[in-house]
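Starting from the known structure of chain A, fit chains B, C, D and E onto it as the hints suggest.
Residues per chain, in single letters:
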Amino acid sequence: MNEETLIPKLGVVTDIRIDTPDVKTFRVVGLDGKKVFEHIPGQCAMLSIPGVGEAMFSITSSPTNREFMEFSIKKCGCLTDWLHAMDVGQQITIRGPYGNGFPVETDLKGKDLLFIAGGIGLAPLRSVINYVRDNRANYGSIQIIYGSRSKEDLVDYQEILQEWMTDEGVEVNLTIDREQEGWDGHVGFVPNFVKELNPDLKKTVLMCGPPIMIKFTLAGLKELGFSETQVYTTMELRMKCGVGKCGRCNIGSKYVCKDGPVFRFDQLDELPNEY
Amino acid sequence: MKKLPLSQMPALYAAMAQGGALYLPVDNAAGDAQFTRWQEGMELSRALNTVRSAKDFFFPQTENLVSFRMQGKTIEIIDPRTEGEDFVLFGVRACDARSFTILDKVFLADPVDSYYKSRREHGTVVTLACTRPEETCFCQSFGIDPADPEGDAACWLTEDALYITARTAKGEALLARLDGLLEDADPAPVEAQKAQTAAILAKLPLAQFTTRSFGGDVLMKAFDSPKWASLSEACLGCGTCTFVCPTCQCYDIRDFDTGHGIQRYRCWDSCMYSDFTKMAHGNPRTSQLERFRQRFMHKLVYFPANNDGEYGCVGCGRCLAKCPISMNIVKVAKALEGDVHE
Amino acid sequence: MQRIGVFVCWCGSNIAATVDVEAVAEALSHEPGVVFSANYQYMCSEAGQNLIKDAIRDHQLTGVVICSCSPRMHEQTFRKTAAAAGLNPYMVEIANIREQCSWIHKDKAAGTEKAIILGRAAVAKVHLNAPLVAGESPVTKRALVIGGGIAGIQTALDIADAGFEVDIVEKEPTIGGKMTQLDKTFPTLDCAACILTPKMVDCAQDERIHIYAYSEVEKVEGFVGNFTVTIKKKARFVDETKCTGCGLCTEKCPQKKVPNLFNLGLDTRRAIYIPFAQAVPKVATIDADYCNMLKNGKCGVCAKVCTAGAIDYKQTDQHIEEKYGAIVVATGYNPIKLDSFEEYAYAQSPDVVTSLEFERLTNAAGPTGGTLLRPSDGKHPHTIVFVQCVGSRDTSGCGKPYCSKICCMYTAKHAMLTRDKYPDTEVYVFYIDVRTPGKNFDEFYRRAVEEYGVHYIKGMVGKVAPQADGTLMVQASDLISNEQLHISADMVVLAAAIEPDKSARPLATMLTASMDTNDFFTEAHPKLRPVESPTAGIFLSGACQGPKDIPETVAQAGAAASKVIGLLSKNKLTGNPCVARSDEMLCNGCSSCEKVCPYGAISYEDKEFRMPNRTVAIRRVAKVNPAVCQGCGACTVACPSGAMDLLGFSNRQIMAEVDAICK
Amino acid sequence: MQVNEGFKPTIVAFCCNWCSYAGADLAGTNRLQYPADVKIIRVPCSCRVNPLFILRAFQRGADGVILCGCHPGDCHYTTGNYYARRRMTLLFSMLDYLGIERERTRVEWVSAAEGVKFAATMNDFVSTVTALGENKRLEDLRCKAN
Amino acid sequence: MQSQLIERAKALLADGTVDRVLGWKAGEFAYDMTPALFSSAQELDEGFAYDAFCGANLSKYLVKESRKGGRVLAFLKPCDTYSMNQLLKEHRILRENVYLIGVPCQGKTDVETLRALGITSITAARQEGEDLVVETLYGQRRIPLAEAMAERCKACKGKKHMIYDERIGEEGELENPDRFGQVAALEAMSSEERFAFWRGELSRCIRCNACRNVCPACTCEQCVFDNPASGVDNKAAATSFEENMFHIIRAFHVAGRCTDCGECSRVCPQRIPLHLLNRKFIKDINTFYGEYQAGEEAEGRTPLTAYTEGDVEPSVVYTKGGND
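These protein sequences, in sequence, are chains A, B, C, D and E.
The opening position of the first sequence corresponds to residue 1 in my numbering, with each subsequent residue numbered one higher.
The opening position of the second sequence corresponds to residue 1 in my numbering, with each subsequent residue numbered one higher.
The opening position of the third sequence corresponds to residue 1 in my numbering, with each subsequent residue numbered one higher.
The opening position of the fourth sequence corresponds to residue 1 in my numbering, with each subsequent residue numbered one higher.
The opening position of the fifth sequence corresponds to residue 1 in my numbering, with each subsequent residue numbered one higher.
This is chain A alone, in the form it adopts within the complex (with noise of 0.2 Å):
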């Protein structure tokens, strides 16, 4: 950890992909060219222009790219529209990395994986996604879902088609909400989506997307007869200084910085309704 946890360093943004109409991806390495922190899938950044803001995002790379960090941003804000508005060579600052990550060392090691996600729900899970598939043999299955508006709505589309869809053990299905055009593949909500698809009950799953799908797919999954010990999910849009101190990511007696942001559901079912 930082021994100066609030001032951040300095990162440069060497390439920007545009991933949907509203969501591009920037990759970011120290100003020394090297990755500017390690970190667990799952743990966060606080990436900021000065003067702008300063927001808490999902690094969405996998720790064992050693080259780079990744943030896929959807613009939705001041800062948001900012890093939108920006081009290669602009230098960022950040801090890091933050909250607990995704056990993947322990409790998801030689687990069969489900990947739940929707919309730019996707960000915290490529992540760990990578990293499973990069240590490919600590982990049993592996299968995604993954909806989005619209076709050109799914993050990482690109990645997707050419290495996840193309992986041995690796099984995507994904879902747009509407028809069209040049579509061929799944139309209709994530939630139903994955009571189609009826996944086997010993997987465990990673969910992440807008709070209406993780509330009707959570029902669906425990319809299925998945119980919410087997179900995790990242609740990093609570978090604000990332330290734990400030006080608005108290939610009962955890704090989502240090205690989170990954929460398995039957720890959040122990906390007050706050998030």
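If you're looking for bench data, these hints aren't it; they were derived computationally from the structure.
Some clues are possibly wrong.
Claimed, not checked - 20 Å max Cα-Cα, derived PhoX-like pairs, lysine-lysine:
#: 1; chain 1: C; residue 1: Lys106; chain 2: D; residue 2: Lys8
#: 2; chain 1: D; residue 1: Lys8; chain 2: C; residue 2: Lys108
#: 3; chain 1: C; residue 1: Lys663; chain 2: D; residue 2: Lys8
#: 4; chain 1: C; residue 1: Lys663; chain 2: D; residue 2: Lys136
#: 5; chain 1: A; residue 1: Lys151; chain 2: A; residue 2: Lys24
#: 6; chain 1: C; residue 1: Lys607; chain 2: E; residue 2: Lys64
#: 7; chain 1: D; residue 1: Lys144; chain 2: C; residue 2: Lys663
#: 8; chain 1: C; residue 1: Lys337; chain 2: C; residue 2: Lys405
#: 9; chain 1: A; residue 1: Lys24; chain 2: B; residue 2: Lys73
#: 10; chain 1: A; residue 1: Lys9; chain 2: B; residue 2: Lys73
#: 11; chain 1: A; residue 1: Lys34; chain 2: B; residue 2: Lys73
#: 12; chain 1: B; residue 1: Lys278; chain 2: A; residue 2: Lys75
#: 13; chain 1: A; residue 1: Lys34; chain 2: A; residue 2: Lys9
#: 14; chain 1: C; residue 1: Lys607; chain 2: E; residue 2: Lys68
#: 15; chain 1: E; residue 1: Lys68; chain 2: B; residue 2: Lys227
#: 16; chain 1: B; residue 1: Lys278; chain 2: A; residue 2: Lys74
Same frame as chain A, but now just chains B, C, D and E:
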């Protein structure tokens, strides 16, 4: 135990201020005690306690964390800190002294807050025993003895002398520096004072008040109590309780564009404020009931759940005295007691 | 984050001589968001404009800053340039480095430094500019004229003449207004009826003009180009479409004791009446206050004698809704009530009359058939005293603080005509000043004095005391000879001050048109827009705007008509996009903004807001009508929550300029 | 009054678009000199000027703030300057009450024809503020150049 | 008086005129009354209080309460009725949903006022004739009520109710209070002295927002100082400028609307005499534009949304109001 005659107090202050700063409660223009940097001629306030707590000295209301200079696509990061100044906080009451250990549990926990830590290291806390507690005092509910305060060094003020004893290495070092002024003392007057104060303490209206029913075990019971609605209905959503509280430590980090660069500063925040948890994606606490509940749940339930049963309150009574609508932790705890006991 | 282009103009040597234009362009190129910076001899030239257009396209500029002459000079030019290159014209800001920099500073270093700061402020502002699109609204090609006096008539005729439909709403049973009551008009002494009645007839006959007589405006909604007006057509108990105006009913009606208001109560009429012979529309009206049939159901004479079957005792008020593009206010004036001027004995003696009453007493169609007779005993008066400024220029609080403007001239007229017709009558005029600033006015006044021997006395009348012998003792002071006068008069004529018609105040509220403290309508600009109200689409004609004589009224009526014609000839109105806008999430609904809006552009609505936990809150929020708002910004400062902001001059934009300047 | 030689004050002038800004343009057209310390911000009407803007200017380092508008009665928007007059009277009085030098703020009515008055006003205001020296009582130390 | 109010409230609850009652609730000590809602006779009996310590102005609560459905009974002191009217003028309270009972007020005291008189550690207090008898941990204190009165009550603007549905008790008479003496004293100081005075006072501000949140004129949906989009938001005044800024703008925003209820000064934990800012505006408005008392009427314009052509010029400031 050492002592010094009251006539020597100015000399004591001067000696304490040697090589740093001395802050002590002094009456301000409104007639209230306020920690003030000592200057020749200043006198210790006779008030029981300051309006603002002593937490400012370790966790100031605003402080610059870092500065930036921007040019084109480049950013320069500047750590604005200079080597801190050693200082002595004199006249801290037992309640405030305890608040520092509560703040320590937040700011010195991993990851350590270096801004706070540095101030803690530079500061020496000299406490002063209370002799005339007021009706709003309930520090005894938290096992604090106002007649025998904690701190790096503790003092007792009698009619003719100041008694002082060191409690930590830092306190010892301070006393060593004051050596020429102090003489060895018989602790009998101090013990007498303690006994006298104890008698008053027993008669305080809140002497029997306790928060013992609260703690992590009753989290859901307390959270779901129907009483929050009526308790919070008059709350103005101001930050008075938070800002006078010695243990409240929530903060916000903001950027200020000076025209020449960006200053990223930290400032006190209040969970009572409507925008406290407001984020780009919404606000999980939309009503004053939820915000009001958070503050008291934090002190009575969440904090003890994470800190071996220690409550996030020291019974200083400031919120009792200052809340514009006279709603406070005592009223809340008393009202909820029945619900958490069930 | 904008992509901004900066263009620094040399203006030949106008700017370049005292401002180092290259240095300015260089310095501004380092400002955040500036991706292109250039300087050129004449930015407003075709080549200069092409430079801008090319840069907008080549560098995908989202904002443009031009450092040049005053925006009052070329802002429009450069906005068009930007628009031609596909950029929203309101993404252009001008830094005025000529009139407000190079031309006033001799020191090049200081000038250059200031030009950079002004440019920096413009860049800072552009960062916060947003594309603005002017709103468009259609225009209803129909005008409403409120008031059917000479002002309203002239306005209506002129508008109709240009081919537009126009409605006149007149509260009396006939149009014509005050001028119908006048005998002769100054300074030419031609007969009022002779010049007015043909115009009234023209109105009646023009198929584009519709007259709502005996009607009042009840409600006005909408805004310029799109007013919806509810007109109350008061029941006259006579079917207008059937009445031939034969007048038989007005002769047979048994109720004879009705004060004749047309003659100011100097004689009586019947309960069913036509105000005067040339009334338009020439239709009878039943005065419900006096009609026996309507009061107690016992009579019905008029219905019996009416061969046309026009009498309809069951008629009720009708409410008609019409749409208009423009509204002209021509509500005119009235003489003030003289009850509070006890010293003139107006209430005590019938021989103390107002000038308008005197007008009726000398009119051939008046109660005396045109022979001047004392109201009290019908005898010929031998001494008449005219008192000027009765209630005018009065700061005591009894009267009006302003000059009523027409009194000097009509009094000269009355005096002269009296002396002309009855040379044996002595005529005295007491005045404070004689004001004759009009064409042939002073000549007219001098003729009264010099040729007709009217006694003009500068002085005040202190008291008029009715005597036992029926004469009136007038006590006055002559300020020039400085002596007290006592004149035994047969009649005293008071030049009562005039005031706006009482209907004007509620009407102004309906129209959201502003009034001054005397209840005269305020004009949009006292010099430059004298016939327009500040509220767009509302125009002013005649004495409702201030005291006027007939030629002035007719001139203003024509001017108002031409403004209306200009408005109605447009198919669409393009608004100014720099208008106020209310953020309803912040709005308290407190009405502060509405109170300071000179245009009535702000209205309120109760709006539902979705609140947490699926609840709904209803809040009163302000809405700005962009078609009416002129963009002054008064509301933005009156608003405490900052809900009201001005597009193009937003709080953030102005503060950004402040920041940039003070950096 | 002492004279602060070499002190260059920062002066912000808010000018209404219709009268005073045009008056400033006329001063320029007539080549009437006034110090470059004055920087003009164009607003549609004097009533657009929020007290916040004036305080903001002082915060950011202005030494004097002047508001120019149409003469009372001549407002392009009829009544704007009447409201501005009340607001500024009260604001200035409050600043004075707080001990802020009253000469640092001013309102002047300048018509489009009064280029001479505009230049004279600015010359006078600049010399007044120069004599007062740097704004200390309403400054934000963070915003000082360093 | 207290029992009279309780009885009336019970009756109005019973006959369905109102379904809840806004009043004051007794607290832990003798003085710490909390504004509270009561919805049953039992609640009223248990907690409703009305005495010399019930100083809180309840009118602002009606902004929210009048929108919650049903009808709420509110007890208003004369001075609260001014706030009520002003809030009605600004359409912030739905009149049909509130039932107003005017209650008499002979001036209120509060614990801070007693504290300033050196009376601390209060355990009980009662009125005895014209005196207030205060029991403290360290003995009894007796002071004349008039002396114990809060500053704002010593400068009372009116003892008559401006609006009510019914009234209980007698309205008092006003005895020529000196409302502007303190302002005039400040005006008479030199500019430097005034600056030093205000800097000393405002530097104590901790930006807790109590003054704003209690103020019946500050009912903005979102305050400019809380709104990041306003460009002037600040949470904690980081510099002396921001302290000044907050208080100047707040005073300006309520200028012409402030009824001088004095709640701002009452609640300030740092005892900053904030009412002296508001009263300066009131004094200026009275001097420049004629006597005006916000809240006397529920309709019409405020001095800052009105004008006359002959208004004084801003330059009046250079020649009036104190010395250099």
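Here's how the hints hold up against the structure:
Of the supplied pair hints, the one linking lysine 106 of chain C and lysine 8 of chain D holds, its CA atoms being roughly 16 Å apart against a limit of 20 Å. Pair hint lysine 8 of chain D plus lysine 108 of chain C holds up; C-alpha atoms about 16 Å apart against a cutoff of 20 Å. Taken as a hint, the lysine 663 of chain C and lysine 8 of chain D pair is honoured in the structure, with Cα atoms around 14 Å apart against an allowance of 20 Å. For the hint pairing lysine 663 of chain C with lysine 136 of chain D, the CA-to-CA distance comes to about 16 Å; that is within 20 Å, so the pair holds.
Distance restraint check for lysine 151 of chain A and lysine 24 of chain A: the Cα-Cα separation of roughly 15 Å lies within the 20 Å cut-off, and the hinted pair is therefore satisfied. Annotation: proposed proximity of lysine 607 of chain C to lysine 64 of chain E holds, straight-line Cα distance about 16 Å (limit 20 Å). Between lysine 144 of chain D and lysine 663 of chain C the CA atoms are separated by roughly 8 Å; this keeps the pair inside 20 Å, and the hint holds. Of the pairs offered as hints, the one joining lysine 337 of chain C and lysine 405 of chain C holds, with about 18 Å between alpha carbons and a cut-off of 20 Å not exceeded.
Between lysine 24 of chain A and lysine 73 of chain B the alpha-carbon distance is near 19 Å, which keeps this suggested pair within the 20 Å criterion. Of the supplied pair hints, the one linking lysine 9 of chain A and lysine 73 of chain B holds, its CA atoms being roughly 15 Å apart against a limit of 20 Å. Restraint check for lysine 34 of chain A and lysine 73 of chain B: the C-alpha separation of about 19 Å stays at or below 20 Å, so the hint holds. The straight-line distance between the Cα atoms of lysine 278 of chain B and lysine 75 of chain A is roughly 18 Å, inside the 20 Å bound, and the hint therefore holds.
The straight-line distance between the Cα atoms of lysine 34 of chain A and lysine 9 of chain A is roughly 12 Å, inside the 20 Å bound, and the hint therefore holds. Annotation: proposed proximity of lysine 607 of chain C to lysine 68 of chain E holds, straight-line Cα distance about 16 Å (limit 20 Å). With a C-alpha separation of about 19 Å, the suggested pairing of lysine 68 of chain E with lysine 227 of chain B holds against the 20 Å cut-off. Annotation: proposed proximity of lysine 278 of chain B to lysine 74 of chain A holds, straight-line Cα distance about 18 Å (limit 20 Å).
Violated hints for the displayed structure: none, as all numbered hints are satisfied.
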